[in-house]
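Asks: Protein chains in written order, with numbering that gives the first Met the number 0: chain C, 0 to 85; chain L, 0 to 401.
These are calculated hints, taken from the structure and not from any lab test.
Any given hint might turn out to be false.
Stretch by stretch, here's where chain L covers chain C in the computed footprint (C-beta under 8 angstroms, at least three residues) [claimed, not checked]:
1. 18-28
2. 31-39
3. 50-61
Label-pair restraints from in silico Cβ distances [said to hold, decoys possible]:
4. C/H62 / L/R33: 36 to 42 angstroms
5. C/G63 / L/R183: 56 to 62 angstroms
6. C/G63 / L/N258: 40 to 46 angstroms
7. L/E144 / C/Y18: 31 to 37 angstroms
8. L/T299 / C/G40: 40 to 46 angstroms
9. C/Y18 / L/T100: 22 to 28 angstroms
10. C/R6 / L/A124: 34 to 40 angstroms
The beta carbon of each residue, even a glycine, is placed where N, CA and C say it ideally should be.
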Amino acid sequence: MEVRVDRDRCAGSGLCVSYAPEVFDQSEDDGKVLLKEPLPGTGAAGAVRAMAARCPTGAITVHGHGHAHGHGHGEPAAPREPSEAV
Amino acid sequence: MSYDAEPIPLHTRRARFDPAGELRRLSAQGPVTRVSLAPGPGDRPLWLVTGYQEVRQVLGDQARFSTGRRFGPRTPAGGHDGHRPDDGIGLLMDYDPPEHTRLRRMLTPEFTVRRMRRLQPRIEALVTECLDTMERAGPPADLVELFASAIPGPVLCELIGVPRDDRGDFLRRCHAHLGTGRGRQERTAAGSAFTRYLAALVARQRKDPDHGFLGTLVRDHGPEFTDKELRGICVLLMLAGLDNISGMLGLGALALLENPGQLAVVRDDPEAMDRAVEELLRYLSVPHAPTPRTAVEDVTLGGKLIRAGETLVCSIPMANRDPALIAEPDRLDVTREPVPHVAFGHGIHHCLGAALARMELRIAYTALLRRFPALRLATPAEDVVFRVRSTAYGVERLPVAW
Ligand code: HEM
Ligand code: HEM
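Take the sequences, apply the hints, and build the full model.
Replies: See the structure below:
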């Protein structure tokens, strides 16, 4: 799985940093997302997909091996957003 | 007509924890409906958006749905009914890009999760003080007066740097401005007084910046902010963080007390609290609606043609109870996997204080349940009075014992 972040979209909510600190960080300079680990292991996959779905500006996307709007067991609802399709 | 006799606007009506039946009936007709929010002279029909996807679409598309357009060319930002245009300078949610981007870019670094964690010990101390007072008062005590409404003000003063000695008067005025059922004159006077106070605070920090929130802004970005912008940002932070937090604390306590099984889960397992906070934010949806949006061009939304210039109001409680977001939306379940609810909005205006709010709620609920493990309602549940006439839903009073 590959994670990408769009720093222009990011509103700095810090949600991703709180829930998946091994993958995301928050810049001291502009408060926006920093990607620490663009290729997280399978262990982090669930948390990363959940963050892609919960990001308040759609700034996080997941590519390869399944989709941001996944359908795995126990994942949160990941509503589809027509204007922000991955 | 006295204030109390005025009809309660449609989008703010509730039935205890749920959106009102009339809102549900409307949304059964479709995710976007044309309504009058408060039928009467002067009220104009507008679009009420109740579907989760449609609310995300509106809030996520600032190019077509503007928050600034509702003000005429003479009032570039701000100018609520009853507000002078000047009062609106710096009120972030009323700005569109590129001005919104300019201001928000300077503010975001001050509200990171890490920055907010620095406030944690202060918030814990403030919460402890409130609980001490409540314990001394003895049961039955009003949880709203001594806890839910007592916490957010001092926390915001801590954030923006209002000295302890000034807080009493200052917060009385903030509450008086938001206080419903007060006359217009009293609200204006209170609003003007706290605005003047904040202007003076900004002037002091300009001269001699400290290491707090305002001092840092002035040192890092001094020339990029006007004094009125800085003042407006402080006004907004104070007013945006009071009713929302007090509503969440009071209603959240009531919701847990009415669901003892769920209360036990969060009381006995500190790890469970983060999820519980997300679920309470979703289920309670205390802000009725974000800033109204104005369509910039003709656009089709939820099958309806919205004309350029028309107003849209998004219902946060309805969006967060949409089965498109979550299964069994009307059930409170604090153990749920968090979902992308819209209690903090969505898109560029997503709540600047979200990290602070989440931390504050977590600290306060945890401390309350730890201090009073046997907390219970001291009044029949049917007698609880809900707070309906305010920017955020809540309870007016909550008598409890322990
Ligand atoms: C549980 C508590 C809170 C809730 C539910 C909440 C909810 C919201 C919502 C829905 C918006 C979006 C408004 C829109 O799109 O027009 C918003 C914006 C905002 N909130 Fe909060 N809020 C909370 C607490 C706070 C606190 C504690 C602060 C201050 C420290 C704060 C500061 C702001 C600011 C400055 C904005 C405007 C952001 C912008 O326009 O860019 N909020 N909030
Ligand atoms: C972020 C900043 C502010 C917020 C969120 C805010 C919020 C509100 C709200 C919710 C109302 C009630 C509106 C209604 O009943 O329909 C109101 C009314 C009022 N506000 Fe503010 N206010 C803000 C700043 C100010 C300032 C700086 C002043 C300056 C003096 C002010 C003066 C008034 C007055 C006079 C009213 C009464 C309007 C009426 O009853 O028609 N407000 N405000």
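Asks: Do three or more residues of the region 31-39 of chain C come closer than 8 angstroms to chain L, measuring C-beta to C-beta?
Replies: Answer violated; 1 residues pass the 8 angstroms Cβ test.
Asks: Honestly, do C/Y18 and L/T100 meet the 22 to 28 angstroms range at C-beta?
Replies: 26 angstroms, holds
Asks: Taking the beta carbons of L/T299 and C/G40, is their distance inside 40 to 46 angstroms?
Replies: Between L/T299 and C/G40, where Cβ atoms are some 43 angstroms apart, the hint holds.
Asks: Given the hint of 56 to 62 angstroms, check if C/G63 and L/R183 actually sit that far apart at their C-beta atoms.
Replies: Taking Cβ atoms as reference, C/G63 and L/R183 lie about 59 angstroms apart, which means the hint holds.
Asks: Would you say the region 50-61 of chain C counts as covered by chain L, given the rule of at least 3 residues with C-beta under 8 angstroms?
Replies: holds (count 6)
Asks: Taking 34 to 40 angstroms as the hint, is the beta-carbon distance of C/R6 and L/A124 inside that range?
Replies: Given about 36 angstroms between the Cβ atoms, the range holds.
Asks: I want to verify a distance hint. Is the separation of the beta carbons of C/H62 and L/R33 within 36 to 42 angstroms?
Replies: Holds: the Cβ-Cβ distance is about 40 angstroms, inside 36 to 42 angstroms.
Asks: A range of 40 to 46 angstroms was offered for this pair. Does it hold for the Cβ distance of C/G63 and L/N258?
Replies: Holds - the Cβ-Cβ distance for C/G63 and L/N258, about 41 angstroms, lies within 40 to 46 angstroms.
Asks: Given a hint of 31 to 37 angstroms, does the C-beta separation of L/E144 and C/Y18 actually sit inside it?
Replies: 35 angstroms, holds
Asks: Using C-beta distances, would you say chain L covers the region 18-28 of chain C, given that this needs three or more residues below 8 angstroms?
Replies: With 4 residues closer than 8 angstroms to chain L, the region 18-28 of chain C meets the three-residue bar; holds.
Checked against the numbered hints given earlier, the structure breaks only hint 2 and satisfies all the rest.
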